[in-house]
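Peer 1: Here are the chains, one letter per residue:
2 protein chains.
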Amino acid sequence: MTRPRVVIIGGGFGGLAAAKRLARAEVDVVVIDRTNHHLFQPLLYQVANTSLAPSDISAPIRFVLRRQRNTTVLLGDVTAIDRAARTVTVRDHAEPIGYDHLIVAAGARHSYFGRDEWEPHAPGLKTLEDALQMRRRLLTAFEAAEWERDAGRQRALTTIVVVGGGATGVELAGTIPEFARAALRPDFRTFDAGGARVVLVEGGDRLLPAFPTEISARVRRDLERLGVEVRLQTRVTEVTADGVRLGDEWLAARTVFWAAGNQASPLGRALGAECDAQGRVVVRPDLSLPGDPSVSVVGDLARVDWTDGRLVPGVCPAAVQMGAHAAANVRARLAGRSPAPFVYWNKGELATIGRNRAVAVFPFLRVTGRPAWFLWLFVHILYLVGFRNRLSVLLQWGYAYLTFQRGVRLITAGEGGR
Amino acid sequence: MTRPRVVIIGGGFGGLAAAKRLARAEVDVVVIDRTNHHLFQPLLYQVANTSLAPSDISAPIRFVLRRQRNTTVLLGDVTAIDRAARTVTVRDHAEPIGYDHLIVAAGARHSYFGRDEWEPHAPGLKTLEDALQMRRRLLTAFEAAEWERDAGRQRALTTIVVVGGGATGVELAGTIPEFARAALRPDFRTFDAGGARVVLVEGGDRLLPAFPTEISARVRRDLERLGVEVRLQTRVTEVTADGVRLGDEWLAARTVFWAAGNQASPLGRALGAECDAQGRVVVRPDLSLPGDPSVSVVGDLARVDWTDGRLVPGVCPAAVQMGAHAAANVRARLAGRSPAPFVYWNKGELATIGRNRAVAVFPFLRVTGRPAWFLWLFVHILYLVGFRNRLSVLLQWGYAYLTFQRGVRLITAGEGGR
Numbered sequence: 001m002t003r004p005r006v007v008i009i010g011g012g013f014g015g016l017a018a019a020k021r022l023a024r025a026e027v028d029v030v031v032i033d034r035t036n037h038h039l040f041q042p043l044l045y046q047v048a049n050t051s052l053a054p055s056d057i058s059a060p061i062r063f064v065l066r067r068q069r070n071t072t073v074l075l076g077d078v079t080a081i082d083r084a085a086r087t088v089t090v091r092d093h094a095e096p097i098g099y100d101h102l103i104v105a106a107g108a109r110h111s112y113f114g115r116d117e118w119e120p121h122a123p124g125l126k127t128l129e130d131a132l133q134m135r136r137r138l139l140t141a142f143e144a145a146e147w148e149r150d151a152g153r154q155r156a157l158t159t160i161v162v163v164g165g166g167a168t169g170v171e172l173a174g175t176i177p178e179f180a181r182a183a184l185r186p187d188f189r190t191f192d193a194g195g196a197r198v199v200l201v202e203g204g205d206r207l208l209p210a211f212p213t214e215i216s217a218r219v220r221r222d223l224e225r226l227g228v229e230v231r232l233q234t235r236v237t238e239v240t241a242d243g244v245r246l247g248d249e250w251l252a253a254r255t256v257f258w259a260a261g262n263q264a265s266p267l268g269r270a271l272g273a274e275c276d277a278q279g280r281v282v283v284r285p286d287l288s289l290p291g292d293p294s295v296s297v298v299g300d301l302a303r304v305d306w307t308d309g310r311l312v313p314g315v316c317p318a319a320v321q322m323g324a325h326a327a328a329n330v331r332a333r334l335a336g337r338s339p340a341p342f343v344y345w346n347k348g349e350l351a352t353i354g355r356n357r358a359v360a361v362f363p364f365l366r367v368t369g370r371p372a373w374f375l376w377l378f379v380h381i382l383y384l385v386g387f388r389n390r391l392s393v394l395l396q397w398g399y400a401y402l403t404f405q406r407g408v409r410l411i412t413a414g415e416g417g418r
Numbered sequence: 001m002t003r004p005r006v007v008i009i010g011g012g013f014g015g016l017a018a019a020k021r022l023a024r025a026e027v028d029v030v031v032i033d034r035t036n037h038h039l040f041q042p043l044l045y046q047v048a049n050t051s052l053a054p055s056d057i058s059a060p061i062r063f064v065l066r067r068q069r070n071t072t073v074l075l076g077d078v079t080a081i082d083r084a085a086r087t088v089t090v091r092d093h094a095e096p097i098g099y100d101h102l103i104v105a106a107g108a109r110h111s112y113f114g115r116d117e118w119e120p121h122a123p124g125l126k127t128l129e130d131a132l133q134m135r136r137r138l139l140t141a142f143e144a145a146e147w148e149r150d151a152g153r154q155r156a157l158t159t160i161v162v163v164g165g166g167a168t169g170v171e172l173a174g175t176i177p178e179f180a181r182a183a184l185r186p187d188f189r190t191f192d193a194g195g196a197r198v199v200l201v202e203g204g205d206r207l208l209p210a211f212p213t214e215i216s217a218r219v220r221r222d223l224e225r226l227g228v229e230v231r232l233q234t235r236v237t238e239v240t241a242d243g244v245r246l247g248d249e250w251l252a253a254r255t256v257f258w259a260a261g262n263q264a265s266p267l268g269r270a271l272g273a274e275c276d277a278q279g280r281v282v283v284r285p286d287l288s289l290p291g292d293p294s295v296s297v298v299g300d301l302a303r304v305d306w307t308d309g310r311l312v313p314g315v316c317p318a319a320v321q322m323g324a325h326a327a328a329n330v331r332a333r334l335a336g337r338s339p340a341p342f343v344y345w346n347k348g349e350l351a352t353i354g355r356n357r358a359v360a361v362f363p364f365l366r367v368t369g370r371p372a373w374f375l376w377l378f379v380h381i382l383y384l385v386g387f388r389n390r391l392s393v394l395l396q397w398g399y400a401y402l403t404f405q406r407g408v409r410l411i412t413a414g415e416g417g418r
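Protein sequences appear in the order of chains A and B.
For the record, in the first sequence the residue sitting at position 275 is 275 according to our numbering, with numbers rising by one throughout.
For the record, in the second sequence the residue sitting at position 347 is 347 according to our numbering, with numbers rising by one throughout.
Hints are computed from structural coordinates only; laboratory data are not their basis.
Treat the hints loosely; a few may be bogus.
In this list, chains with the same sequence are indistinguishable; a pair is considered to hold if it fits within one copy or across any two.
As the list claims (entries may be wrong) - Here are the computed lysine to any residue pairs in the SDA-like style, where the Cα-Cα straight-line distance is at most 25 Å:
1. Lys20 with Thr234
2. Lys347 with Pro212
3. Lys20 with Gln233
4. Lys20 with Asp192
5. Lys347 with Pro317
6. Lys20 with Thr190
7. Lys126 with Arg206
8. Lys20 with Glu143
9. Lys347 with Arg149
10. Lys20 with Pro186
11. Lys20 with Leu365
12. Lys20 with Phe191
13. Lys347 with Gly76
14. Lys347 with Glu26
15. Lys347 with Asp150
16. Lys347 with Arg269
17. Lys347 with Arg115
18. Lys126 with Thr190
19. Lys126 with Arg185
20. Lys20 with Arg185
21. Lys347 with Arg69
22. Lys20 with Thr403
23. Lys347 with Gln154
24. Lys20 with Glu146
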C-alpha cells in the first residue's frame, strides 16, 4: 500500500519545520528546493559584510533531514502547480510529481516597486548568491579606489548606500563604518578607507517600523554615533551604476544595497489563488487554500491575519510556527480530525546595531545596549542549524570581536562581477 | 627623491615571499594580482572535496602585507610588459605602471596538451573558482542521481574520473570514496551514494612520479584499499560532458577532474624571453632574465636547473625560496653588490592519501602511514597564512575526523553551472 505523499516546496524555515513535524508520520515526504542548502537568513548580512563564510550560515537540506527515513530531498525549481491533477512540475524534469498534500513555503524576494531595472545596480539580500554579490561589490569598490587618483571618483567609490530602514538595512549599514575603520583602513595606501561614507535611506518617518517609536529614535542615534548618515522620509527616485537619486538630490555611489520591500514568490500566483499586492496568498485561518484543503501556504508567501488589523510578520519564528502548524494539520486530517486554526506566538523582535549595541522588544520587556547585543548573539547562535556551524560562527565572531578584523574578505568571481 | 620601485606580478607563494623580503628595503613595492587573495594552493583540493571553505585557505593579499608601509597592493590583470620602457600594462587602466625592478611570479595553469576543448568538461584546480566549480559539479551530479531512475545513468552520474596521478590527483581521488560512504550515503534515498566509483587515470607507469618507486607502489595499494580504481599507463583520448575515453574504452562519467600537466602563465612569453615547451621562462642562475637584470622570474613560471639534470620542482617551498632570493638580489644590486645564484633547498615531498594515510620523503628519511599523516597535518596548519585560518581549519578537520561529516557541501551558482 502506498502511503500518502506530502510535497513541500521550499527548504527554508517554513518548509524545514513542516518536514520535521512529519518525521514520524505515516507519509512519504518530498522536499523540493532550488538550492541544496537551508539558509539561516537572519545572518545573511554578515556574509555580505565579510564577517561570516557562506558555509557558516547554511547546511545541506538533505543533511539536516538525513535521519528522517520517510523524507526525500530533491534539488529542483518548481515551475507549475496543477491543483486539479495534484501535481507539481519541476524545471528540466518531464514527469510531474504527484501529491496528496502540498505545503508551499517558497518565500519572498525583494521588491523594487515596479522598477526592476534597478536590481542589477542595487542587489537585494535573500540568497547566498545575493550576499556574495554584495560582498564582491563592496570589496571591489575599495579595490578600485586604491587605483583612483581623482578625489571625487574616490569618494563615489567609497560611498555605500543602503536602501530600507528595516532590520536588514539597519544591521547591514551599522556594521560597515566600523569595518572600514578597523579592518580596511590599515590595508589601503592611496586613500583613507576608514572615511567611507555610509548612507541609510528610509522612505518612512522612522527606522525599524516594527519596533516601538522610542526604539526607532534610539537606533537612529546609535547608528549616527557609529558614523551612518540616516535619511528618513527620503524616496529613491533613480538607481544607476553610478549612484542614486534621493528625491532630487544626486548621490554618487558605486555601492548600493537594497533592503526595502518584499515580493512573494510567483508560485503564489501559480496556485491560482487570491493574492495581495505583495503577491502573498490569502489563506484560511488553518493556513489552507480557500476551497482546497489539500494545499497549505506558509511563511513569507502566506498572508495571515494576526491582531489589531496587523498581519503575522515575515520573520523566521512565524515561518517556523506556520510550517509546523501546516504539517500538524496534515497529520490531523490523516487521522480524521479537523484542522486547527493557526495562532501566532510572538516571541519578540531583535535587531543589532553594530558592535555592542542591539535592541530587543518582547511582549512584556525591552532590552537595549550591550545586554541586548549579548542576547542577540545567544539567540542567533542557539538557532543556527548544526553543531559545527555554531562553533565556527562563535570562533569567527570571537576573532572579529577581539581583533576588529574580518575573516572573509574574498572576492570570488560570479555571475554579477569579476 | 623618489625611491626605486619594485613591481611584483602575482601574490602567490613566490610573489608574497618577494614582497616580504623587501619589507625594510628602501624601495616602493607594488604587488599586482588578478585576485584579491593569496591562496594556499596545497589545500585547494580540500575546497573541491567539501572539507574546507574558501576563506579557510585564503587571505586578502593586502591584509597579509598591511604592516608593510612601503608596499601597495593593486587588484588587476597584467596584460603586457614593455621591457624597453620598463612598464607593465594592466587591463582597464590606461596608464602603465613603471618599474625599476620587476619580479614576475605569475604561476601556471593546467595544460590540456593542446586539447583546450576538454577544459569545460574537466576543470583543473589552480584557483578558488576552479575548486568551487569542482565542488559544484561533484554535488550537482549526486543531486541529479537522486532524481534518476535508470541504473546506467545513475552509475554515470556517480562516477568520478580524476586525470593525473601527481600529488593533486592522488589527494583528490583518495578522499572521495570515504566522503561518499560516510557523508553522502545517509543523505540519499533513491540510490546508494556510497557506491560512487572513483577512477584515477595516469599516463605514466606509476603514481607520484616525484617520489621514489617503492612509495608509488604503496600509494597505489593504499588508494585501492580506499576504493579508488587506479589505471596506470592509460591515456585520455577524449573528454565530453558525458564521460572520457581511456585509450579505446569509453567510460561514462558526469564528473571529470583534471590534474595533469602544467602550462605556465602567458606572461612568460609576453616578456619576449626564451620559454620552454611548458611556457616556463629560461632564467639565469640568479633568476634574472638573460640580458635584462632588472627582471626576475620566480615560481612555477621559471625554468631553473637543479641537480642530476632535474629542474627545481613546481612546489610551494621552491616558489617561496625563489621569491625571497629574487628580492634579496634586488637589495644586493641596490647596495652595489652582485646578485647571487639561486640554490634550491629541498625540504622533501609530502602527500596525503585519504584519512590517516600519507607519505613523506625527506633527503635522509621516509615516513609513511599515520605518522606521515599527522606530519602532513602539522606542516599544512603551520604554513597556513593567518592565525584565524589555522584555528578554523583545525576545527573543521577535527569535526570531519571525529564525525566523518564534511562542513561545506554548498552548491552556489557561478559561471560554470547552476
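Peer 1: Please go over all the hints and tell whether each is borne out by the structure.
Peer 2: Going through the hints against the structure:
For the identical chains of this complex, Lys20 and Thr234 are neighbours neither inside a copy (43 Å) nor across copies (49 Å), given an alpha-carbon limit of 25 Å. Proximity of Lys347 and Pro212 under a CA criterion of 25 Å is satisfied intra-copy only: 15 Å inside one chain copy versus 65 Å between copies. In the homo-oligomer, the alpha carbons of Lys20 and Gln233 never lie at most 25 Å apart, since the shortest distance is 43 Å inside one protomer and 51 Å across protomers. When the C-alpha separation of Lys20 and Asp192 is checked against a cutoff of 25 Å, the pair qualifies only between copies, where the shortest distance is 23 Å, while the shortest distance within a copy is 50 Å.
Taking the closest pair of Cα atoms, Lys347 and Pro317 come within 25 Å of each other only inside a single copy of the chain (7 Å); across copies the shortest separation is 56 Å, beyond that limit. For the homomeric pair Lys20 and Thr190, the shortest alpha-carbon distance between copies (20 Å) is at most 25 Å, but the shortest distance inside one copy (54 Å) is not. Taking the shortest Cα distances, Lys126 and Arg206 sit within 25 Å of each other inside one copy (23 Å), while across copies they are farther apart (49 Å). In this homomeric assembly, Lys20 and Glu143 come within 25 Å of each other (Cα to Cα) only across copies, at 21 Å, whereas the closest approach inside a single copy is 45 Å.
With identical chains, the CA atoms of Lys347 and Arg149 are never at most 25 Å apart, being 51 Å at best within one copy and 45 Å at best between copies. Taking the shortest alpha-carbon separations for Lys20 and Pro186, only the inter-copy value of 17 Å comes in at or below 25 Å, while the best intra-copy value is 47 Å. Taking the closest pair of Cα atoms, Lys20 and Leu365 never come within 25 Å of each other, the shortest separation being 31 Å inside a single copy and 55 Å across copies. Taking the closest pair of Cα atoms, Lys20 and Phe191 come within 25 Å of each other only across two copies (22 Å); inside a single copy the shortest separation is 52 Å, beyond that limit.
When the C-alpha separation of Lys347 and Gly76 is checked against a cutoff of 25 Å, the pair qualifies neither within a copy, at 33 Å, nor between copies, at 49 Å. Taking the closest pair of Cα atoms, Lys347 and Glu26 never come within 25 Å of each other, the shortest separation being 31 Å inside a single copy and 61 Å across copies. Taking the closest pair of Cα atoms, Lys347 and Asp150 never come within 25 Å of each other, the shortest separation being 51 Å inside a single copy and 48 Å across copies. Neither within a single protomer nor between protomers do Lys347 and Arg269 lie at most 25 Å apart by alpha-carbon distance, with minima of 30 Å and 65 Å respectively.
Taking the shortest Cα distances, Lys347 and Arg115 never come within 25 Å of each other, neither inside one copy (35 Å) nor across copies (60 Å). Proximity of Lys126 to Thr190 under the C-alpha cut-off of 25 Å is found in neither arrangement, the shortest distances being 34 Å within a copy and 31 Å between copies. Taking identical chains as interchangeable, the C-alpha atoms of Lys126 and Arg185 are never at most 25 Å apart, the minima being 29 Å within one chain and 30 Å between chains. For a Cα distance limit of 25 Å, the shortest separation of Lys20 from Arg185 across copies, 20 Å, qualifies, whereas the shortest one inside one copy, 46 Å, does not.
Proximity of Lys347 to Arg69 under the C-alpha cut-off of 25 Å is found in neither arrangement, the shortest distances being 32 Å within a copy and 51 Å between copies. Only between protomers do Lys20 and Thr403 lie at most 25 Å apart by alpha-carbon distance; the minimum there is 22 Å, versus 39 Å within a single protomer. Taking CA atoms no more than 25 Å apart as the test, Lys347 paired with Gln154 passes in neither setting, with 45 Å inside one copy and 46 Å between copies. In the homo-oligomer, the alpha carbons of Lys20 and Glu146 lie at most 25 Å apart only across protomers (20 Å), although the nearest pairing inside one protomer, at 50 Å, exceeds that limit.
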